[in-house]
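Build the full structure now, drawing on both the sequences and the hints.
Residue numbers (the working numbering), protein chains in the order written: chain A, 1 to 337; chain B, 1 to 337.
To be clear, the hints were calculated from the coordinates, so they are not data collected in a lab.
Ideal placement from N, C-alpha and C gives every residue a C-beta, glycine not left out.
Hints should not be assumed to be uniformly reliable.
[Said to hold, decoys possible] Stretches of chain B that chain A covers, calculated by requiring three or more beta carbons in the stretch to come under 8 Å of a beta carbon on chain A:
{"hint": "1", "region": "10-22"}
{"hint": "2", "region": "131-142"}
{"hint": "3", "region": "196-207"}
{"hint": "4", "region": "210-221"}
[As the list claims (entries may be wrong)] So these bits of chain B aren't anywhere near chain A, every CB distance computed over 12 Å:
{"hint": "5", "residue": "Thr-80"}
{"hint": "6", "residue": "Glu-86"}
{"hint": "7", "residue": "Phe-157"}
[As the list claims (entries may be wrong)] Derived EDC-like pairs: lysine to aspartate or glutamate, alpha-carbon spacing no greater than 20 Å straight-line:
{"hint": "8", "chain 1": "A", "residue 1": "Lys-299", "chain 2": "A", "residue 2": "Asp-285"}
{"hint": "9", "chain 1": "A", "residue 1": "Lys-246", "chain 2": "B", "residue 2": "Glu-297"}
{"hint": "10", "chain 1": "A", "residue 1": "Lys-246", "chain 2": "B", "residue 2": "Asp-197"}
One-letter residues, chain by chain:
Number of protein chains: 2
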Amino acid sequence: MNEITLHSPLDMHLHLRDEEMMKLVTPLTTETFSGAVIMPNLVPPVDNLKSLLAYRERITAAQGSDVFEPYMMLFFRQYTEAELVEAKEHILGIKLYPAGATTNSEAGVKALDAVEPTFKMMEEMGIPLMVHGETHGFVMDREKEFLASYEYLAKKFPKLQITMEHITTADAVDLMGRYENLRATVTLQHLIITLDDVAGGMLNPHLFCKPIAKRPEDREALLQAALEANPSLMFGSDSAPHPLSKKECCGCAAGVFTSPLAIARLAQLFDKHGKLDNLQAFLSDNAQRLYGITPLEKKVIVSKQAFVVPAAYEGHGQTVIPMHAGETLDWAVSSIT
Amino acid sequence: MNEITLHSPLDMHLHLRDEEMMKLVTPLTTETFSGAVIMPNLVPPVDNLKSLLAYRERITAAQGSDVFEPYMMLFFRQYTEAELVEAKEHILGIKLYPAGATTNSEAGVKALDAVEPTFKMMEEMGIPLMVHGETHGFVMDREKEFLASYEYLAKKFPKLQITMEHITTADAVDLMGRYENLRATVTLQHLIITLDDVAGGMLNPHLFCKPIAKRPEDREALLQAALEANPSLMFGSDSAPHPLSKKECCGCAAGVFTSPLAIARLAQLFDKHGKLDNLQAFLSDNAQRLYGITPLEKKVIVSKQAFVVPAAYEGHGQTVIPMHAGETLDWAVSSIT
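Right under this line is the structure:
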């Protein structure tokens, strides 16, 4: 196959930031994706309906395409029933960050058992829970150590829909298959890189993200689950722009920027493994079924032709370096209708 | 104890580079160390007696102290017997790099079994072999995967003195104890940091080195061996200056610069664990016994008093950022005679 038509691709985990950076990066997603799940880790966090609706308006104003729906999320805290009732129709779910686990997560949760009343209400009201699942342990063990918490929540709240965000380990893939209410997103980079690409040769800040890329056997397990269109797995880019000054420096921020090239690179990857037919499920159908959403119709044709990834994306006074900067991909988005 | 007197501290693994960088960093070692083993991975490598003697002269000219001996090493290649006979009195040993394993190692060895004639001659002539022991595998496994090669060499050439340079794993500590002809150096940073300090929070290029810092249990095993003055273990800083432009950038070079603060920081570390009495063995006596060397007499008094590590060392048009830049240590070198 030299071409594939994708219907309404979805990015189930996206950072759009705010202000000028948001204005730069939002069109780079809305051009090719029909919808995206918008992370709420701004400063201060998006943890009330008023700020969520205002953020949604700012995103909508920055969109480059009319055919795009931002699926909004609240930042997890202990909410009252009244707050959840009011918010429910405006959100896809609530995102939980362990305090301090990643960028702008200082307001996150310190102990899961203290917030179980909110989990209980979410379960009863059918509001999904999305989780950044890392402990504060040794960097290569953080996700694995968190899996027991996922398992605890999946068992204790069997009707609560729980998404393990941006999984990076074979152990997480295993766990995902064991509970019906556990699903997961995976990024582009974790299907491609390992810690070797971050710190095995020269140190590469542009591939440094949280959770950090793991071992070859982890990448292999994630890739196989994606290629097979595992019904519990969804694409979530976790595309996370940082200004150049925060990346090429001493003490570099965590995040890989992939939005503008994600679909082309995924097509190249799935084609390489002879699994192009499964890309539609990974990029949209699984998410539609798991969250019960019907995205806006957007037809994206991806073709086997050269695509030179720009060395940088610039605008609104911002500069962001993408993954594969300056490299030539074999596949390109050739038509969007 | 608030003070310790060290006799002839030795740095058994040091990079002095060449040209202007050499002029900046050499005095920062020769001030406090009585001698140091000089790595030969220049471009081109120091792999003949003529270039070795010329390099030694350049180092001597750059010395800040008369009381300092550079212990020279040849870069491993297949040498003739005549070459080894001629070089023997001028070198402490020969340093083997697997090709491409670290900075300027492209000329290194591709297959150990192809060079056994040289090992055999070195064994017979009593010339030690120093090894950068890493495979080209996954970054966290490279040293562990190389241990079988150390074991093979230690068994096959039982009289060849083999130093496992800059060990970073508990497995290497274990192996060191099992063969009389296997000894090791360990750096300052690998007694203190893990991968968490390099990539667990923000990415820190100034703590990125090869071999990369490993897991907490590895650091613990290295630290205990050092604190106990394990008779097979020697201090080797692997202090490796890179220009600032190669560290705070995209694609940062590997190497931590510790020479000017190593002795003070080691005193602080050994004092913290109540093992100051073992510092002399770790910093000099073990190396003297293992290599049969008698270093120049240099008395270095280290005292419990504040030492603010400079934010950078500058000179000769070079800027190098040290470990602990701008931090205050509790111990300082207070007298050198």
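Cross-check of the supplied hints:
no.	hint	in the structure
1	10-22	violated (count 0)
2	131-142	holds (count 3)
3	196-207	holds (count 9)
4	210-221	holds (count 3)
5	Thr-80	34 Å, holds
6	Glu-86	37 Å, holds
7	Phe-157	30 Å, holds
8	A:Lys-299 with A:Asp-285	14 Å, holds
9	A:Lys-246 with B:Glu-297	48 Å, violated
10	A:Lys-246 with B:Asp-197	18 Å, holds
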